[in-house]
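Undergrad: Sequence:
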Amino acid sequence: MLQDKNWQTYRDLKEVLSLNVRRQLFLAVCDDPNFCQYLVNQLDMESRCNGTPLDSEIPRWVTLELEADDPNLVHQIDRWYNVANHQEIQKSLPLSPNSPPRRRKDDWMKVSPLDLSPHVPREFSPGFQFFGVQRLMQKSPTQQWSFLQNLEYIAQRYLDLAWDWNLLIWIPRPWLFSIQQSVPRFWHCHTGLFEFVAEPLPTHSRGGGALKGQVKELAELPPQEEEEQKLGTGVRETQRPVVVKTDTLQEVQEAIAAQRKTLEELEEDAIARLDLLNDLGNLYWILSRKTTNREEGLAALKQAIQTYEQALSHPQIKSQPQGYTRLQNNLGIAYGELSRHENPVEGLEKAIAAYQSALSHQRKPADQSYDRVSDQDSQHYASTQNNLGTAYWNLAQHQEAAKNLKQAIAAYQEALKYYHPDRDALSYGMIQNNLGTAYWNLSRYHNSKDYLQLAIWSYQLALQYRTLETNPSGYTATQNNLGTTYWHLANQSDAPIEQKREHLKECIGAYQKVIEALENTKPEGSLNLTFDPIATHNNLGVALYQLAMSAHQVGSKDKSDILEPLELSLKHHIEAWTRWQNNPQMAHTALNYLLQAVRSIYNEGGIDAQNRALAQVPRNLLPEILNRL
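Numbering (UniProt numbering), first residue to last: 1 to 629.
Please note that a few of the clues may not be correct.
Below 30 Å or equal to it, Euclidean Cα-Cα: the simulated BS3-like pairs (lysine-lysine) are [as the list claims (entries may be wrong)]:
| id | residue 1 | residue 2 |
| --- | --- | --- |
| 1 | 571 | 557 |
| 2 | 449 | 417 |
| 3 | 559 | 505 |
| 4 | 406 | 449 |
| 5 | 5 | 513 |
| 6 | 571 | 559 |
| 7 | 14 | 513 |
| 8 | 513 | 571 |
| 9 | 513 | 449 |
| 10 | 406 | 14 |
| 11 | 500 | 406 |
Have a look at the derived ranges for each label pair, beta carbon to beta carbon [unchecked claim]:
| id | residue 1 | residue 2 | range |
| --- | --- | --- | --- |
| 12 | 467 | 275 | 47 to 55 Å |
| 13 | 528 | 313 | 33 to 41 Å |
| 14 | 615 | 561 | 20 to 28 Å |
| 15 | 581 | 422 | 18 to 26 Å |
In short, the hints are calculated from the structure, not lab data.
Just so we're clear, the structure is a prediction, and the values are computed from it rather than from any experiment.
Just so you know, even glycine gets a beta-carbon here, dropped at the ideal spot from N, CA and C.
All chains should be modelled from the sequences, with the hints used to inform the complete structure.
TA: As structure tokens, then:
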């Protein structure tokens with residue numbers, strides 16, 4: 001859910017794009033790379049959900065990341081068309097909005113974008129949105145100038161009526177100034193400017209079980225699968241594929257060889273093959289996680305899937321319900337992991353099908369049967385429901401968001417019925433956290449206030465069992481998400497000002513608890529954090545600034561109501577800037593907020609207050625601050 005100003009800007013942008021008027025050059029300004037990526041993904045996802053005209057097989061909008069080493073938009077678009085002209089795609093296959101158009105039976109364009117004109121049929125001319133311009137800040141002046149020259153060339157071609165497609169470029173504000181000053185022709189040709197202000201989002205995942213060497217970042221903290229949690233031996237069978245202890249890569253490889261040899265000695269229809277194939281699949285799964293080579297890891301993961309499927313094709317499998325459900329659950333975990341690396345929709349749909357098959361053959365325990373929570377049936381059923389919910393959540397990031405999120409919520413709610421909060425505190429807290437994340441996501445599509453409140457209640461329930469003492473990583477992650485959810489609730493357009501201030505105070509309190517917990521747990525690296533703690537400092541600074549500015553709206557006459565939160569805001573933005581020195585884009589974002597705080601402190605408290613504020617600024621940053629003030 002976007003705050004009011006951003007929501008209106010985003011709606012204006014979507015409305016302009018939906019008109020499908022040709023030969024448009026749009027600029028979208030956003031300084032925060034994470035928030036910019038969120039907006040790009042949101043626009044891309046909604047474009048997919050809206051679909052394309054039935055009589056056209058070409059997407060209306062294509063999303064491309066600028067190649068910072070060779071920042072030539074024309075060449076990238078040209079390559080996209082070249083792939084379209086030569087790639088064979090079967091008519092029956094679904095078309096991804098960011099895939100090249102399929103061949104048409106009668107008329108297929110054999111032109112590059114350099115040759116497009118108003119005479120080319122409209123459906124042959126998708127629009128292109130580019131992101132990633134901020135990465136040019138780390139490149140040489142020659143590469144930066146090459147990008148500006150490319151914009152100049154594009155402007156000339158538009159003026160000559162040589163091109164017919166639309167272009168949307170996402171840029172940080174410094175590049176807006178550079179374009180205005182260095183390529184005035186492009187600036188005069190642009191037909192729309194959309195400016196966004198940064199706002200905090202739930203922070204990024206640093207892993208989620210990806211193979212080594214590849215980390216998938218998400219726009220929000222993703223729900224957790226039980227296979228990622230160490231919840232004890234009682235649910236280990238559905239936590240992850242079960243196998244004997246294997247500490248080293250060599251031990252795993254030796255175990256695989258031994259298992260394969262044993263299988264070769266058995267008849268094809270021997271019932272003992274089921275357990276052996278399941279264990280072999282588990283060994284391949286573990287191998288995929290232990291290998292340091294990505295390609296080898298993927299090959300091992302696919303071999304695990306193949307082995308599970310081989311076991312499920314055994315003629316006697318249906319006579320072994322426990323073995324069947326175990327194999328289907330392991331297959332779902334493996335497909336879910338594969339979806340993080342390739343063909344995400346296909347992999348997630350197969351994971352969902354596997355979990356559903358497992359559930360259909362599991363004995364469903366009696367609802368609210370808390371006297372039997374220690375029974376493995378109850379825990380296995382709940383664990384599979386949680387994993388099903390997480391698969392639906394991940395699928396919602398790719399298609400039919402609202403529908404799949406509601407399916408995720410239903411699965412999480414079903415799982416909660418079979419965990420007693422007092423006896424299974426870690427599991428119960430984890431699933432409540434997952435439920436809150438699903439509600440937060442659903443708030444972006446409709447009934448945002450109600451779903452945000454439901455998310456808050458779920459996070460608050462989770463925190464009763466994800467305590468700092470028992471689960472510090474889970475505690476800080478849930479507190480962080482609680483703070484972000486309160487921030488979004490505070491920025492609802494119809495909320496009274498006093499209510500907004502209360503929500504901001506709750507947001508600030510949650511973020512402060514995160515930072516306090518991290519300061520009391522040194523080093524931070526000792527915790528398995530799934531979010532960026534530096535972003536928490538920056539987000540806290542944003543919330544404090546808003547609280548300070550809102551004091552005017554309630555008629556506060558006490559300057560301390562404004563200056564105290566402003567000074568705290570400055571402190572946290574300084575902390576973020578200092579710790580983000582290895583991330584120039586994020587450091588630049590923190591610097592802009594820092595400047596905003598210093599200016600507001602001067603406006604509210606005069607030169608003395610400004611001098612006190614500047615005394616907190618690192619000495620090496622003072623010249624730039626003073627120059628920009």
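Undergrad: Name the hints, by number, that the structure is in violation of.
TA: Numbers 7, 12 and 15, in rising order.
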